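Chemist: Keeping the supplied structure of chain A fixed, place chain B upon it in accordance with the hints.
Now for the letters of each chain:
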Amino acid sequence: MDHLLIAPVVLPALVAPFIIMAVRHHIDLQRIFSVASAVLLAAISVTLAAKAADGSVYVYELGDWPAPFGIVLVLDRLSGMMIVLTALLALPVLLYAIGSGWDTRGSNFHALFQFQLMGIMGAFLTGDAFNLFVFFEVLLIASYGLMIHSGGTRRFQAGVQYVVFNLLGSTLFLFALGTLYAVTGTLNMADLAVKVAQTPAEETALLRVAAVLLLLVFAIKAALLPLHFWLPSAYANAPMPVAALFAIMTKVGAYSILRIYTLVFGPEVEATNGLTQSWLLPAALLTLLAGAIGVLGSRKLGRLAAFGAISSMGTLLIAISLFTPAATAAALYYLVHSTLAAALLFLVADLVIERQGRWILPQLPMPQTGLISALFFAAAIALAGMPPLSGFLGKLLVLDATRNDTMATWIWGVILVGSLITILGMARAGSQLFWKGHGLPQETADEPGEVPAVAAPVAQLPFVACFGLLFGLVVLTVFAGPATRYAEATAAQLFTPTAYIETVLGTEAE
Amino acid sequence: MSLFLIAALPFLGAVFPALLIRAGRNAAASAAGFTTLLAFVGLMLHIPAVFRGDTVQASIDWLPALGLNANFFLDGLGFLFAAMILGIGLLIILYARFYLSREDPMGQFFCYLLLFQGAMVGIVLSDNILLLLVFWELTSLSSFLLIGYWKHLPEGRQGARMALAVTGSGGLAMIAGMLMLGHIVGSYDLSVILQNKDAIQASPLYLPALILILLGCFTKSAQFPFHFWLPHAMAAPTPVSAYLHSATMVKAGLFLMARLWPVLAGTPEWFYIVATTGLVTMLVGAMIALFKDDLKALLAFSTVSHLGLITMLLGFGTKIAAVVAVFHIINHATFKAALFMTAGIVDHEAGTRDIKRLGGLRHLMPVTFAIGTVAALSMAGIPPLNGFLSKEMMLEEAAHTTWYGSALLVPVLVTVAALFSAAYSFRFIAHVFLGPKRDDYPGHPHDPNTGMWIGPAFLVTLVVLIGLASAKIAGPLVATAAGAVIGGGELPYYSLKLWHGLTPALYMSIVAVIGGVVFLALHAQLTRIWTALPRPEAKQIFEALVRALTRTARVVTDGLHNGALTRYAAIMVTFTVIIGYAAYRGGTLGAATREMQTAGLLPVVGWFALVVSTLFIVAKHRNRLVALVLIGVVGLVVSMAFNYLSAPDLALTQISVEVVTIILMLLALNFMPKETPVETPLPTRLRDGAISVVAGLGAGGLIYALMMRDFAFPTISDYHLANSYKGGGGTNVVNVILVDFRGYDTFGEIIVLGIAAMVIFALTEAVLNSRVRAYLLNRKPDLPQAGDAHPLMMVVATRVMMPLALMVAAYIFFRGHNLPGGGFIAGLIAAIAIIMQYMASGFGWATERQRYPYHAIIGSGVLIAAATGMGAWFNGMPFLTSAFGYIHWEPLEEFEWATAALFDLGVFLAVVGAVLLALESLSRFAWQPGISSEHAMDINPARDEAAKTGTEG
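In the order they appear, the protein sequences are chains A and B.
In terms of this note's numbering, the first sequence is residues 28 to 537.
In terms of this note's numbering, the second sequence is residues 5 to 957.
Quick caveat, the hints were computed from the structure, so don't treat them as lab data.
Keep in mind that this is a model prediction, so the values were computed, not measured.
Heads up, a few of these hints could be off.
Reference excerpt, derived from the structure (chain B facing chain A, CB under 7 angstroms, subset only) [to be verified]:
#	residue
1	190
2	479
3	481
4	483
5	557
6	558
7	568
8	569
9	570
10	574
11	579
12	590
13	712
14	715
15	719
16	752
Glycine included, each C-beta is placed from N, C-alpha and C at the ideal position.
For reference, chain A alone in the conformation it holds in the complex (with noise of 0.2 angstroms):
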């Protein structure tokens, strides 16, 4: 057994109380273990995606308990493609974090960063639906403790909001959690689709409830209309790289959606059919439109971009919510697409706020202006899904997948609407913060690029994140055909459950 495969969630988990015990007073050791674990983390988890790429499932079975008895790790296309979506993420945001100083400005960032870190990738590693949950409860208070990270008493507030309404959400997964094994037996994915798929059509009531008590949950983490109250003010109070971490923690909830909806209670499941098509589609149509809408209405940077994550988040349920092969393909490009654009919309937010606050207001032209409005141009474009960036193409993935359901009609109105919302909430932000400022007097006259002369010196390591980070994008962009095509596998992959069960199971034909 390759033990590469626990690499992703031991590393951090070995890192973060390391750097707890032995350099909890030096910024630097913290930065340099924190990075150089980051990268590390990067290459390991790219290994790992680049064997599960054949289509091949491995499985980890941890205290070499075998399966269902024990709990597993089970890396597929789907959670290779999640791992290193995460890694990739991480490594600029943390970058970020430290360029800007935000990690000095409060006590353990690193070392709740790599906890943050290993409860991710717990999560997309996991084959135990109760393992599952321990792992959101990791990223959860780790996420808390990133939140509050300096404090002041917006954060707080905030805080309390986002800590409470997940913890509802966590005792919702108790309940889910406690029905399911009460029913089955057992918590271990493969296992759960096994017996789900074998209950007898008398007694699927309670599996029934289950089944949606589950989906809620993730719903909640997922931000989905109207379980997505908790997020606006948690990620616009956020210091904003960590809310740009947490660009990956809505897709926990959309992965884990995908995972269970396709393996455990996958569209031929008779005993659960019919549970999410009434209500999944429209509440993520909703999603959409108070996302587009509240970009429009914000009247502070870190909402706007906060919103911006909402409205991304509506498109992809909305791809997700059919669950076709064809749609959840395009869910997929547009996944790994809207994490990357949000994270960059929140940097930048954060490049604009650190230098002339949270309100979209006009002002003075800032230091460096020209960059980063080049930047915010380039966030704005990537998040409403407009070209040349891989918005616009994963925005026509969603759309070409839904054209043959019943409700394309209204698919196709909202995204297309709520993309205009979008781009008229950017262009008056945008110009507001970038050109009205020019208005005022003592103009100052800027060039692209151009050194600024006010200001202390900036270090140019924010950049380099934010750069990276739309350099994603634009490979996501250029590389879209065999993007897709990795898509489709997975979403292949995804539909045919049977050799995952058959590989966590032991049960394949040798």
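Modeler: Frame of chain A, contents of chain B only:
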């Protein structure tokens, strides 16, 4: 040159001006000009093939899954447009170099301009409609930057946003239309689509697709009623206006209509939508143009009008009309670009472009006068200029067109439009250049340097040459491009010449010109009538609309997300209950398989205590202390229930967790007022109460249903029971599950605990570094304090208890693997032992004797657990695989060793560290370095002096 390169060159070139601007304005301009020239020459190399009637192609797969491929092709139509875009682009770059002032960031300008140029070239060369969409939206974005180029001007910003909103929304509609079109045909490749006229026009999706695509075209080409953005886009520097509104952006809509003409045109729907829109636009644009005093606004509305003219021609749906449309596209581009540049020169030199403040410039600016006059005459349709030719042909076509049974409607309206067109063209000449010289120009009008007038002069030369020798100069181009528009087949007969004989068109033309002169003469009177007429002001309507939309968005968003946690929770719970109930109703519930047990006295008492204390919590929750005590009661009952139900491990855990939690929460009360204020009105509370009752009943019902039924399948617990001793080396299956079967979960959970403590630390640290600390320290206690902070009895007792308690912890720890107990419980007990010292002897006393930082204890716990897990790797086993064995050392009894115990040690340490870090964080707010306080827990050092008499032991 490869089509890829032609399309890519402007994008590549866009980088240079942005960088080279540091080398000076000339460097930036030359870089822009050079790349454009290169692309232009590359395009020209294709002349032989194109004029042979071939199409040049180039393709790469980009996103085959979607059918979006980087396919380019070049035919007559694409060639015509690409040539205009790049050719006029060159002239604009030259012009802009001299037009822009020293203060304008020229690097940015050329960068945006080339981006825009690249997007335009992309549109006209695309052989894939999705690729075309990409470029289409890119033109919207890059024009947004260009129009808003003068950031300091509010008109520029508003115009840019308006243009983006209008063309952007049209673009979005077009996305839907194009996807439908591709859906009908089964391919997004233009070359395939163009072969499928019948399939498209027979499809039920034809009309929606047509409308959506036309929305895109009409918004882009400023057709009525979307025309209003174009004049406001004039806030851009004049080179931008000249480029966007003569040759490029607004022509993109026309291009697309021409491109798709073979498959979309020819139906009544097409005719009535396109021709009517074009006709109305032509008329409305021409009328408004006459009454605009701003030179650029006049030209803007005249552009609207001419775009309407071309749209109308395409809308007629006849081949010959399509040919005329192509011809007029060429002519309009030449004279309109020249006119815009002329307007720019006037503005630049005279300092204003308000017609009312101009006049008599022919004496001061003879060259400009010559250029402007020729171009304006062409626009008016005066022979022998090229405008006359295409206008004649247009009038000829209009004369034959019947609209809804009326043969007169179109010719009459077209003549009226032509009349207005002639009038505003004459006004451009008469009121700017003719008339007496004035002495109140804001600037000092004079002819500009050669760089600025050479471009328009070249275009005006073309105007004249095409007019005089159209068949020779423009003939082949028109034929090739028109051939591409009508999509194969024979070109209809037409002839490009000045004299067609005494045709209806000639009479209409004469009427128009004479009428134009008359209207100019009557301009003052007409203006009075015009001003008196009520007419909607598009900009105000649009801005009111956007403002209203923004305000609504703000109200909706802020109203929806008002920050009230109770409401969020209420919505979430309600939603969950509804969805859960619906799911339940959708399935069937099997019969209960278990008997209802009879309740003994003890459970009933416990239940009663639980219910009563819960009800009391509801009643008394505003008093935090009382609520906390009652919560403690609930916890105790629950742990007794665990014990009663034969779950000693759970009971032990529950009770120790309960103790620790209540202590920590009591400490946290120090940060808060004693009472919670009433913040919600009664109805809200009733609503929330009702929701919680329903949710509680739902949860109860669910649990009841579960407990009355057996598992539908054999559970994994049987395996755990069977293998606990054999494989895990322990007889306490609960502990073996915790440290072995599911040790990975435990590993996660101790990390959760550790992080939670770190978060508490961070929270209190942040709070105590703020002014909250002073506030807390100076707060007067609202209740009388206990007189004796360190009761002697308690101090002594706790110190005696310490070793005993630690022994118990050790005992619980070691027996854990086989009997109830384990690292988690042991950790809590050890923590309680230490907490007692803090409580009895004070924070300062305890801290002084505390050698290991709690952070490090947590870290070491997690590290030990992880290291134990990794130890298995060296044995070739997976993470957390346990090993155990038995050792017999004389004279000791045989005892067991297990790696699980080491893992449990990690759990123990993490728990101890986490609890104590939380405790330390919550209680240290009164503590300052150097003050070894004598007060228990340092709750409040300001307590009365009497308390000090209770001394330490």
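Chemist: Hints first: check each against the structure and report whether it holds.
Modeler: Hints versus structure:
| no. | hint | verdict |
| --- | --- | --- |
| 1 | 190 | 12 angstroms, violated |
| 2 | 479 | 37 angstroms, violated |
| 3 | 481 | 31 angstroms, violated |
| 4 | 483 | 34 angstroms, violated |
| 5 | 557 | 3 angstroms, holds |
| 6 | 558 | 4 angstroms, holds |
| 7 | 568 | 9 angstroms, violated |
| 8 | 569 | 5 angstroms, holds |
| 9 | 570 | 10 angstroms, violated |
| 10 | 574 | 10 angstroms, violated |
| 11 | 579 | 6 angstroms, holds |
| 12 | 590 | 6 angstroms, holds |
| 13 | 712 | 10 angstroms, violated |
| 14 | 715 | 4 angstroms, holds |
| 15 | 719 | 3 angstroms, holds |
| 16 | 752 | 4 angstroms, holds |
Consistency note: the structure conflicts with the earlier hints numbered 1, 2, 3, 4, 7, 9, 10, 13.
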